[in-house]
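Engineer: First to last, the protein sequences are chains A and B.
First residue of the first sequence: 1, per the working numbering; consecutive thereafter.
First residue of the second sequence: 1001, per the working numbering; consecutive thereafter.
I should point out that these hints are in silico values taken from the structure, not numbers from a laboratory.
Be a bit skeptical, because a hint or two may be false.
Facing chain B, a subset of chain A residues (Cβ under 10 Å, in silico) [what the hints assert, rightly or not]: (1) Gly173; (2) Leu174; (3) Glu194; (4) His200; (5) Ala209; (6) Asp270; (7) Ala280; (8) Ile296; (9) Lys298.
Here a beta-carbon is modelled for each residue, glycine too, at the ideal position from N, C-alpha and C.
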Amino acid sequence: MLKALRFAPSRFGRCFSTLVVAEHTQKGLHPATLSAINAAKKLQDDICVLVAGSGATEAAQEAAKLQGVSKVLHVDAPAYQYPVADQMANLLVAMQQKSSFASIMGPVSSLLKDVFPRLAGALDVQPLTDVMDIKSSDTFVRPTYAGNAIATVRSKDPVKVFTVRPTSFPTDGLEGGSAPVEPVTPPEGQPMVEFVKEEHAHDDKPQLATAKTVVSGGRGLRSKEGFDTVLDPLCQKLNAAMGASRAAVDAGFVPNDMQVGQTGKVVAPDLYLAVGISGAIQHLAGMKDSKTIVAINKDGEAPIFQVADYGLVADLFEAVPEMTDKVAQ
Amino acid sequence: MRALVAVKRVIDYAVKVRVKPDKSGVELNNIKMSMNPFCEIAVEEGVRLKEAGTLSELVAVSCGPDKSQESLRQALAMGADRAILLKTDYRTDMELQPLAVAKLLKKMVEKEDPMVVLLGKQAIDDDSNQTGQLLAGMLGWPQATFASKLAFNSGLTGVDVTREVDAGLQTISLKLPCVVTCDLRLNQPRYATLPNLMKAKKKPLEVVDAASLGVDMSPRLEYLSVEEPPKREGGRKVDSVDELLDKLRNEAKVLA
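So that you can see chain B by itself, here it is in the shape it has in the complex:
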């Protein structure tokens, strides 16, 4: 059984992003980029499913600029078998939007014929939390979002997924093929070791011009401006618990 795993290269989660003075977006030049943390979890899950014998092949796919190959190499070093880059020069945090990514991934699903598509629940740049659901809807496949546990049945015809929902945990049962988006609690991704990074260089990585797939990638949302959030005026210190409670009751009025 084959699985596709979608990965996105984003600004590293530990970096404080800087908004450009002309409000056209955030600065991406000379900024540390990494694989989106939720995508790492999706890759890790795919690798674990391979190790457990559930999957026979794990194919990593990314949509974005040439540099996205770095994230695909990381996925290969973690244990993916091969990788495909759908190359486009659209900015992936603004211009290449989830609707277009889902359409591109759909093309890859049609080509690769997987039984499962794994994605992160959201990218930490555009924070959309949409691509997996859009893809599942387009394919007419069942979806399980915010997964924190996967249990495939022995015949590999279905999977029970525990999901992180507002109320706690919800378990749903899906038939394959299906789309799963991964939440933080699903697993702890492994580090790509140096020997594995070296080996990953020999694994196949196919680069496809995304425009050749005949998908309308034009952005549906036009960014009018990107601005810094209003600064908080913090820094006021109080001297005692009594003073703190007094301020919360009488000044901020958030305590009874």
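Okay, chain A solo, but in the shape it has when bound:
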């Protein structure tokens, strides 16, 4: 059935269009959504933005003002306050059946990583994760082996389903749009998964995966207290997320949701500050796409200095507090 619908005439002026699934909060769009829209522009199709939520009117209005957006599709339903994978995938399948998008994409996020493959399975297409560049409507660049091998791939599927890496695309240059906001009625039916609760562990800090600045500590901090008393004040001053090396996690200094590396989180902030981290391959894989890397380490021979834009050979227990004092709030 889907096959026939793919070739059905589109409701839009042009035959092809891109659906960007927005990440947002009650307050507005997540900056990653702006990156995704700038990425979508490379496809040179009409851009529709889906804002699905409960009362996310501000996010929908904000999306409508973005240059290049031709239409905002807005699902406003209580059931979408905490969207779950099967519910979102069903919504997108229904939208695809109606509108035959050429591409369905959005920023890498825990929600879309959960949803998109499920959607792709329903459409019988092979999705792409973490796209860093778009060469043409069917050719994409993405990292494999934790960024140690960059693959250029051509999709043979009729619909491209993919997430983009927000830090690979700009967030600016989107002022001055005026697109209509069109309500969308989601499909009926209960989700298969029931949302129970959400706990925000580090509410006082930005999220590690999306922070502009990340300060990470390694075994050089010697203890949990080292993280609390030396690293944390600098994080607060810089409004940075706190990360850690696997060595620090294995030593029990910090929980492993803070681990940056191939088996932890892969981050690419504007500024990555590695403190007391030697720079094992495992760790480098998780942070080497950061725009600016700074290393503070006692050992001038540590491999981290080979990738650091700025390296300071110093005792972190002196240098970090000094830095904290001298950074403007």
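We have chain A; now place chain B onto it with these hints.
Structural biologist: Just chain B, lined up with the frame of chain A:
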């Protein structure tokens, strides 16, 4: 209650991968291979569920070349009861893609009738983070990705899963049967001891020609090139905190 656990053999996480000069892929010859770290966590969770009496049988499945038997033996040594290799000569880091693996696993689900399928959240070679979700969608089962805690209810009809999401931790409730993908924080996998590795040699390991399952395994993504990432020009040292802050403010312009 039976569970399937999917395992993948990949280049060991501690190895620095080398891209082939002809850009056709990364070098796999004479490279240390291991079970994907996230798959180890999935196996460990399955074994713990067996030890707790939640599972009666744990079946490990892998799709790939003959050598993938090594990873299945490791799963057996960790405590899985038996193993199935769906053998194919497609390169598992490029050509055998998650869509095809999910279709192959679906065939195994239909044959083995598990109540739970455990997978890692992603393989550290292709970094796709897709197979579990694709499989759940194809089966029409609920899914819980990035799991850091599982709590089955006493009647074994459902499970509460705590997930690692961008905002922190999220708990969802699922009815069985379901698909769960495991995050790093779920557990600390045990080492396969030598005696257990010896015992694992006696456990059943069935080899099935993947092509015999009637699944379209042809790659949907054509790899045009695989290249080294641009080299970073690191190595510039500064002498003081003041100089560092000055560079960050005025040269890199990442500090106010």
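Engineer: It remains to establish, for every hint, whether it holds in the given structure.
Structural biologist: Results for each hint:
1. Gly173: 18 Å, violated
2. Leu174: 22 Å, violated
3. Glu194: For Glu194(A), the interface hint holds, since the closest Cβ of chain B sits about 4 Å away, which is under 10 Å.
4. His200: Nearest chain B Cβ about 4 Å off; hint holds.
5. Ala209: With Cβ-Cβ at 6 Å, under 10 Å, it holds.
6. Asp270: 5 Å, holds
7. Ala280: 8 Å, holds
8. Ile296: Holds, about 8 Å.
9. Lys298: 13 Å, violated
When held up to the earlier numbered hints, the structure conflicts with 1, 2 and 9 and fits the remainder.
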